[in-house]
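Peer 1: On the provided structure of chain A, position chain B as indicated by the hints.
2 protein chains.
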Amino acid sequence: MGKTCVDVKELPDSYVFVADMPGLKCGDIKVQVENDNVLTIGGERKREEATDQTKYLRMERPSGKFLRKFTLPSNAKTDDISAACNDGVLTVTVPKIPPPEPHKPKTIEVKVG
Amino acid sequence: MGKTCVDVKELPDSYVFVADMPGLKCGDIKVQVENDNVLTIGGERKREEATDQTKYLRMERPSGKFLRKFTLPSNAKTDDISAACNDGVLTVTVPKIPPPEPHKPKTIEVKVG
Numbered sequence: 001m002g003k004t005c006v007d008v009k010e011l012p013d014s015y016v017f018v019a020d021m022p023g024l025k026c027g028d029i030k031v032q033v034e035n036d037n038v039l040t041i042g043g044e045r046k047r048e049e050a051t052d053q054t055k056y057l058r059m060e061r062p063s064g065k066f067l068r069k070f071t072l073p074s075n076a077k078t079d080d081i082s083a084a085c086n087d088g089v090l091t092v093t094v095p096k097i098p099p100p101e102p103h104k105p106k107t108i109e110v111k112v113g
Numbered sequence: 001m002g003k004t005c006v007d008v009k010e011l012p013d014s015y016v017f018v019a020d021m022p023g024l025k026c027g028d029i030k031v032q033v034e035n036d037n038v039l040t041i042g043g044e045r046k047r048e049e050a051t052d053q054t055k056y057l058r059m060e061r062p063s064g065k066f067l068r069k070f071t072l073p074s075n076a077k078t079d080d081i082s083a084a085c086n087d088g089v090l091t092v093t094v095p096k097i098p099p100p101e102p103h104k105p106k107t108i109e110v111k112v113g
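One line per chain: the protein sequences are A and B, in this order.
The opening residue of the first sequence carries number 1 in full-length UniProt numbering; numbering runs sequentially from there.
The opening residue of the second sequence carries number 1 in full-length UniProt numbering; numbering runs sequentially from there.
Everything labelled a hint here was simulated from the structure, so no lab data went into it.
Check the hints yourself; a few may be wrong.
The list cannot tell twin chains apart, which means a pair is met if one copy fits it or any two copies do.
Once the Cα atoms are required to be at most 16 Å apart in a straight line, the calculated EDC-like pairs of lysine to aspartate or glutamate come out as [what the hints assert, rightly or not]:
1) 9 - 52
2) 96 - 36
3) 25 - 87
4) 69 - 34
5) 3 - 60
6) 96 - 80
7) 9 - 49
8) 9 - 60
9) 55 - 7
Values in this document were obtained by computation on a predicted structure and should not be read as measured data.
Same shape as in the complex, but just chain A (with noise of 0.2 Å):
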């Protein structure tokens, strides 16, 4: 199959990959991760065979199985992950890891001496 488009968007406390999948059911859509650190984005697009009613005389879209996959930041918290289709497009949603509590200064008291 040809490329499949793919953006890649940074949010605040997200990562966001929005890919085209024309006709997709969910259910031909895998979506996995793979050594904890690597989103991959599978699944097989099937085009309707050519019979004795149906003769092709273009063939411009892509159709075979198609693989793509992100190394995903050190921060992704890849146990928490959700994917949705929605017209054709799939979004996947890898939150942040929320970066530790920066450790406030103490304050000490100054007492008379």
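Peer 2: Frame of chain A, contents of chain B only:
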């Protein structure tokens, strides 16, 4: 916008145009017939803008206006075209004008002269 991929199929009683439109709603797509024999499929795909909160790390998905034109065969019934959008795929069905019934040969009874 990058190429909008379109398949064209011929069925016994219709021509079917199948176009990838991931992320587009029906209202974003315009299907017209020009000069009684040119099918046009157009629209615009908008990308969410980057903001202070949203930064694009990767931007592969095409956006912007698109327009495709197809000259219809002479037997296309242009006043009866239908279009439907599902899972980011637009399907436009153009019925064929049925061919005229072949004239049956007339059989003349041969009488004994």
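Peer 1: Of the hints stated earlier, which fail here?
Peer 2: none
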